[in-house]
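Student: Residues per chain are reported as follows:
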Amino acid sequence: MAKTVGTSVKRVEDPRFLRGQGTYTANLQLPGMTHLAVKRSPHAHAIIKRIDATRALALPGVLGVFTGKDLIEGGCGPLPVGWSVPNQKTPERHALMPDRVRHVGDGVAAVVAESSYIARDALDLIDVEYETLPVVTDARKAAAPGAPLVHQAIANNISYEWELGDKQACADGLAEAHIVVEQELINSRLVPNAIEPRACVAQWNAPDDQMTIWTTSQNPHPIRVLLSAFTLKIPEHKLRVIAPDVGGGFGSKIFHYPEEVIVPWVSRKINRPVKWVSTRSEAFITDSHGRDHVTVAKMGFKRDGTITALQVTTWANQGAYLSTFASLIPTILYLGCISGMYKVKGIFGHVFATFTNTVPVDAVRGAGRPEAAYLVERMIDIGARRLKKDPWEVRHKNFIPASEFPYQTPVAFNYDSGDYHAICDKVATLADLKGMRERQAEARKAGRLVGIGFSTAIEISGYGPSKVVTSIGSALGMWESAALRVYPTGKVTLFTGSHSHGQGHETTFAQIAADELGIAVSDIEVVHGDTGRVQQGVGTFGSRSGTVGGTAVVKAAAKVREKMRRIAAHQLEAAEEDVVFDQSNGTAYVKGSPDKAKTFFDMAFSTFTANHLPAGMEPGLEEQAFFDPTGLTAPNSAHIAQVEVDPATGEVQIQRYVAVDDVGNVINPMIVEGQLLGGIVHGVGQALLECARYDSNGQLLSGSMMDYAMPRSNLMPMIETGRTVTPAPSNPLGVKGAGEMGTIASTPAICNAVMDALQIDHLDMPLTAERIWQAMQ
Amino acid sequence: MYPSSFEYYRAESVREAAKLLKQHPGAKLLAGGHSIIPLLKLRQTEVSALIDIGRIADLRAINGGMIGACCTYAQVAAAGGLPAALTEAASHVGDPAVRARGTIGGGVAHADPASDLPTVLLALNAKFHISKGRTARVVPAIKFFTGLYETALKEGELLVAIEVDAEARGTGSAYAKLENPASRYAMVGAAASVTIVNGVCTDASVAVGGLTTHAWRSKRVAGALLETTLDADSISKASKRIVKELPDDLLGDMHASADYRRAMSQVFVERAVTAAAARAKK
Amino acid sequence: MTHTISLTVNGKAHCSVVEPRLLLVHYLRDVLGLTGTNIGCDTSQCGSCTVHLDGEAVKACTVLAVQADGATIKTIEGMASPTSLHPLQEAFREEHGLQCGYCTPGMIMAADALLRHNHKPSEAQIRQGLEGNMCRCTGYQNIVKAVQNAALKMA
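Residue numbers (the numbering used here), protein chains in the order written: chain P, 96 to 872; chain F, 58 to 339; chain L, 3 to 157.
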């Protein structure tokens, strides 16, 4: 059996998607299904004076209308927050708000009806009287004296302040610098917009006291814990959470959302299955948003380009409440990454996280790390420009040398491995940087605004270790679990607590198991996303599936091999230490006698007949493993973008995009490349197009796909990709995580290219035609 | 995503459609549905009834320059013998699936200030054939578009056809637009039609969209093009005139401010006229 | 008031009583149970719901079921035979033109219409031709390659 890890095995899951047989939550049809719709606040901040559902209840087909008070009186607890930093102020947030709303889209009532159309009709018949209150939407303005308070008890709207780094070393570094560049940068607010809107179906089985919930989640097991312990309070063994096929997440489907409480609660109340499917309009005002930072940064440089210090002050918008992992993002995931790929002694960052009358902000693809990369890579370009130095050379000068890994940054993280000079050289070669530069010079002579932009970026990935993450704020451990059930005929079901919503686990996890057991990928079925089938799990976020979930598979497979080896030894009447398991073909034999091997089938079948097992060995063959990583990984990348700006209109055309990424070893190159390509375009979207804007009343102006611009098929040329590999030392697969690297690196690459084209220091994103045109006037 | 209830009637002829309109005050016409259905889905509009005119064969044909109101954008884009600006604009409305269903009549009757075809039809001096069943009238483009989502169509009337002149030798037209990056509607759209006789421009018509409440004709640019050879310099000079000619109060939003749109009007007028002139010279 | 509509979907005749306001995409998904056609937005932008109506790719969220009376509809479920995939479906798999799979049915229906109008589209024509279909996972690159691949297969 040839090794499959490292080869582009075609995806096992594709046929059902290609045939239109995906099992997305909204596709579920159950006998007696009812349909739920949520009445949402049209105001960004208001007191609920009165809710009158009389007219709605009179509408034929309406089965019930429920308010926040009903849910609270019915036993529902507030939505919990899964991350807490010191002195964090966590306001109470209910699935339906009982007395006050704090952002447009906050739920105030739910209606359940015989059809989705009737449910929607009924929303218009629920009369809600509001007393509107003053509104604040900007993170920095929210912290200013006199700003309207989003939560009366939380002074200055500050949820928490957080610092990282060495203040004195930073001050010393700035003092030592020959020039200090200072810049304000706004990292715009993103709407995640997975193409599948969120959905939830619940079915209460009264005779058995059993609740089943289907939900569009990246992590059904933690959702079950939160539902059971905090919100719905149904005992965990009576609660099954299924995240079937999920149509993209990008972070937005990590969190515990109100509808996951409302839908099952109503199902139990009316004793019928209930379905809620978000419309895209609802998604814009209820899915957690991303980014939204206002930052003032200083970076010090010596004349030769050496970076001496980085000082960062950021106001991070948390929205109206803390979403499930809100305080993880602008703290360790952000400030922990502001050393970038560079050796800088004096780094210090301070974050003010503020409440505003906007949708809660949490992880969106990259989550904190794109904000860090954008900041660092923009500051270096501004510094290089001031120093009249090549930004490429300035980067080179400051890279952490390959010889210094593992490298301890001044901002908490320890980078596991990398060769930053090598990755940069590779991308420069792939792009033919010298030729690119020459052609750029010619084009510029002809008056064309051609720009070349670089970015190098790291991502910290592979969360846990559980001891580390819980020590800095996590309420849950970040291990992963895998189980291998070997059937008597030698076929295998692999149960993983990790979840695929596009990443291709059914293929890559099967590849890992196939290689570990010496059997074919086609002999393995991967099961994920169902707490009723999968033993335990944490889930998929932060590019952790391969590193943590994949390693759990490796560990479970080792247990299977070990049991098989002992069986073979017994049956071959050899000492256990003389028998080897051959991973190349799934057999076990006495060293030197492969011709007398026990096959995978032989050994599997023996555990079923159980008549020829070593003394004391249990029948059956099902092994489970948990993996808690011992360290984090540091995927890294170097990207080069070439753009041309239309001097008449300010429109940007991307002419080339070259990316080299080091995500450690690669399980399936086709899938890894797919992750990187998608990630890159997502990040380009932020640079050029995407931005959620609120007006002063807290109305989301970009509240539909008519107004929120996203990448379409004609945005990019063919992206040219390459790879370097420094295996991660902290897991046996040597993988680092590939889901977010592209996004993290591409945003600054494009911005730097546009600034190069315009020969200016800085413009905030998104780099719309008008913004660029204004800068040219 | 869930429209409120309405009645639905299907008209088999123009006369029947007019009759249904009379019988059901407050009813709206449904052709391809690509203006009204999106509004109904978001409940931004409600109707008591829709009268489906999408199957009336007479309205779905192109005969010479007479374009049935229910011809799809795809049909218009693929038709031979129509002015280049019109096929060009029709082939850039929305996306292929939108063009396969959306109709020219539905689009112009909706009169979105950012839509492409009103601008082109104004530049081409199209004639709008309107019926009320037994009676009919013809309205020139300049009088058809009257305001924000407003046209000359009166209660009980329906648009049956749009008539444009075929482009004779020496005449060329073109459409250029700056797209909204999200919706792809025009933030600025410019259409031009020019005629060259003996190397000199004898007729010019220029219109812009996305800037004012409805498609807007530029007299000054057109005037300045006359008697020139339509060389790059004269086109550039003439195009500049639109900036001051446009009214003070222009549309603007987060994607493109009024100031930017004003500046871009010159750029896109110049592009449209340049392309039109090149076609006229062919 | 309800209306009776008759239409052919994936070669099978259906007759149903529907409200005028029922969108074609809801009819296909909820009445006929053909859930392969997905819904991704409510402003006719994303293309997830693309199906063929009388041979043309249309957005099924912007067509009323009553408008489809008498029409022939093809959805993603009508593309493959029970035993083999359509060349476009094969090409999407070969080129890794899908990740989460949600936009895929609409993307394939749009691509099929594109290839019927243009047997040998250039990269630019494919990118233009698919601009009404949004994908958040792939960055479109492998979708473009899949359509190029399928064009060769179907030639």
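It cannot be assumed that every hint is accurate.
Claimed, not checked - Calculated pairs, PhoX-like style, for lysine-lysine (alpha carbon to alpha carbon, straight line, at most 20 Å): (1) K105/P with K155/L; (2) K105/P with K122/L; (3) K529/P with K484/P; (4) K397/P with K529/P.
Just so you know, these hints were derived from the structure itself, not from any lab.
Student: Now look at each hint and say whether the structure bears it out.
Tutor: Hint-by-hint comparison with the structure:
1. K105/P with K155/L: 18 Å, holds
2. K105/P with K122/L: Violated, at about 26 Å.
3. K529/P with K484/P: Between K529/P and K484/P the Cα gap is close to 16 Å, so the pair holds against 20 Å.
4. K397/P with K529/P: Roughly 26 Å between the alpha carbons, so the hint for K397/P and K529/P is violated.
This entry does not satisfy hints 2, 4, going by the numbered hints stated previously.
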